[in-house]
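The primary structure of each chain is shown beneath.
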Amino acid sequence: MAGHELIERHLRTLAERLPGPVVDELADGLLASYDDQMERLGDPDAAARAALADFGDADAVTAAFVRASPARHAAFTLLAAGPIVGLCWGTALITADGWAAAIPPAARLVLGLLLGSAVLMLVTAVREQRHYHTVRLAALGGAGTVAVLDTVILGTVVTLVPPPSLLLLVALTGSVARIMLAVRAIPALITRL
Amino acid sequence: MDGLLLATLEDGPQHGYAVKEALRDATGGKLDLPTGTVYPALHRLERAGLIKGSWSVVSGRRRRTYELTEQGRRSLAGARDHWQEFAAVISAALGGGPWPATN
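Heads up: the protein sequence lines correspond to chains A and B, in order.
Under our numbering, think of the first position of the first sequence as 1, with each following residue one higher.
Under our numbering, think of the first position of the second sequence as 194, with each following residue one higher.
Please keep in mind that the hints were generated in silico from the structure rather than gathered at the bench.
Check before you lean on any hint, since a few could be wrong.
Quick look at which bits of chain B chain A covers, simulated, 3 or more residues with Cβ under 8 Å [claimed, not checked]:
id	segment
1	203-212
2	233-244
3	255-261
Straight line, CA to CA, 25 Å or less: simulated DMTMM-like cross-link-like pairs of lysine to aspartate or glutamate [as the list claims (entries may be wrong)]:
id	chain 1	residue 1	chain 2	residue 2
4	B	245	A	24
5	B	245	B	214
6	B	245	B	278
7	B	223	A	59
8	B	245	A	39
9	B	245	B	218
10	B	223	B	274
11	B	245	B	203
12	B	245	B	260
13	B	245	B	274
14	B	223	B	204
15	B	223	A	39
16	B	223	A	24
17	B	223	B	203
18	B	245	B	195
19	B	223	A	36
20	B	223	B	278
21	B	245	B	225
Just so it is clear, CB atoms sit at the ideal spot from N, CA and C, and this is done for glycine as well.
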């Protein structure tokens with residue numbers, strides 16, 4: 001790739017943080033800018049510095065991609081849905097007529113671990129600013145874990161055959177809606193940049 | 194911002210750096226965005242179906258070129274209408290003239 005060492009170094013930094021096709025596109029833009037600056041300034045070092053100043057630093061460029069990423073948006077949506085669905089289940093379990101006490105300790109442990117893992121991954125996806133791959137993987141892991149968590153919750157409740165109640169119906173609906181949200185997000189997280 | 198980017202593609206397909214340059218030229222240099230931050234905005238517009246990207250190879254480099262979709266043209270026309278209405282209202286208010294009639 002024709003260019004300048006400063007340009008190459010900048011692109012290597014971006015390549016560590018962003019997907020390959022994105023880096024190819026950025027490389028084209030940065031090298032086009034370098035060519036323009038070479039025509040204007042005539043000096044390779046000055047042209048490289050001017051092109052890099054015009055391009056923006058790696059942190060700013062990566063953060064802009066991360067902010068616009070579908071993975072971050074999906075993670076934010078699932079994270080926002082968490083307290084709502086959690087509140088529904090909390091209310092349904094607190095007001096349950098004893099059936100909630102029959103949930104086996106092993107199931108409680110699994111649910112707790114899944115919940116903690118999902119929250120950790122989704123928070124990582126929302127907070128990470130510098131590594132696009134991390135955001136994507138964390139959002140994918142978080143969405144998958146949310147889908148498994150809600151499926152385990154539904155399976156556990158159905159197995160216990162609790163007495164029907166409006167609160168339980170609302171909580172079940174919340175979990176089904178969240179499974180659909182997570183399952184719809186997963187293909188886009190896998191295929192889209 | 195979206196309307197400005199769409200407007201740069203109205204006359205034909207452009208790659209990211211050319212979009213940034215067109216925006217700077219169209220505003221007499223007053224709007225000179227960092228090149229690297231134009232690309233995420235273009236990707237967002239592409240995901241929204243307002244522009245369509247395609248790859249080619251130019252001077253040995255992979256280049257992604259964008260063009261407006263029909264939806265993008267409609268969005269640009271809408272953005273223009275909204276801006277002209279907004280500008281007319283503000284101009285009338287600042288100029289002390291009568292408020293323009295609204296629908």
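Hint-by-hint comparison with the structure:
Restraint check on the segment 203-212 of chain B versus chain A: 4 residues with Cβ-Cβ distances below 8 Å, three needed, restraint holds. Only residues whose C-beta sits within less than 8 Å of a C-beta in chain A count toward coverage, and the segment 233-244 of chain B has 5 of them, enough to reach three; the restraint holds. By the rule of at least three residues with a Cβ nearer than 8 Å to a Cβ of chain A, the coverage given for the segment 255-261 of chain B holds, with 3 such residues. Distance restraint check for residue 245/B and residue 24/A: the Cα-Cα separation of roughly 17 Å lies within the 25 Å cut-off, and the hinted pair is therefore satisfied.
For the proposed pair residue 245/B and residue 214/B, the alpha carbon gap of about 19 Å is at most 25 Å, so the pair holds. Simply put, residue 245/B and residue 278/B have alpha-carbon atoms about 29 Å apart, too far for the 25 Å limit, and the pair is violated. Between residue 223/B and residue 59/A the alpha-carbon distance is near 24 Å, which keeps this suggested pair within the 25 Å criterion. Of the pairs offered as hints, the one joining residue 245/B and residue 39/A is violated, with about 31 Å between alpha carbons and a cut-off of 25 Å exceeded.
Taking the CA atoms of residue 245/B and residue 218/B, the gap is about 23 Å. The hint holds against a cut of 25 Å. A C-alpha spacing of about 23 Å is found between residue 223/B and residue 274/B, which places the hinted pair at or below 25 Å, so the restraint holds. Proposed proximity of residue 245/B and residue 203/B is supported: the alpha carbons are some 13 Å apart, at most 25 Å. Of the supplied pair hints, the one linking residue 245/B and residue 260/B holds, its CA atoms being roughly 5 Å apart against a limit of 25 Å.
Restraint check for residue 245/B and residue 274/B: the C-alpha separation of about 23 Å stays at or below 25 Å, so the hint holds. Simply put, residue 223/B and residue 204/B have alpha-carbon atoms about 21 Å apart, close enough for the 25 Å limit, and the pair holds. Distance restraint check for residue 223/B and residue 39/A: the Cα-Cα separation of roughly 22 Å lies within the 25 Å cut-off, and the hinted pair is therefore satisfied. Pair hint residue 223/B plus residue 24/A does not hold up; C-alpha atoms about 28 Å apart against a cutoff of 25 Å.
At most 25 Å may separate the alpha-carbon atoms for a hinted pair to count; residue 223/B and residue 203/B meet this at roughly 20 Å. For the proposed pair residue 245/B and residue 195/B, the alpha carbon gap of about 14 Å is at most 25 Å, so the pair holds. For the suggested pair residue 223/B and residue 36/A, the alpha carbons sit about 19 Å apart, so the restraint of at most 25 Å is met. The hinted pair formed by residue 223/B and residue 278/B meets the criterion: a straight-line CA distance of about 23 Å does not exceed 25 Å.
For the hint linking residue 245/B to residue 225/B, the alpha-carbon distance of about 23 Å falls within 25 Å, and the restraint holds.
Consistency with the previously given hints fails for numbers 6, 8, 16, ordered from lowest to highest.
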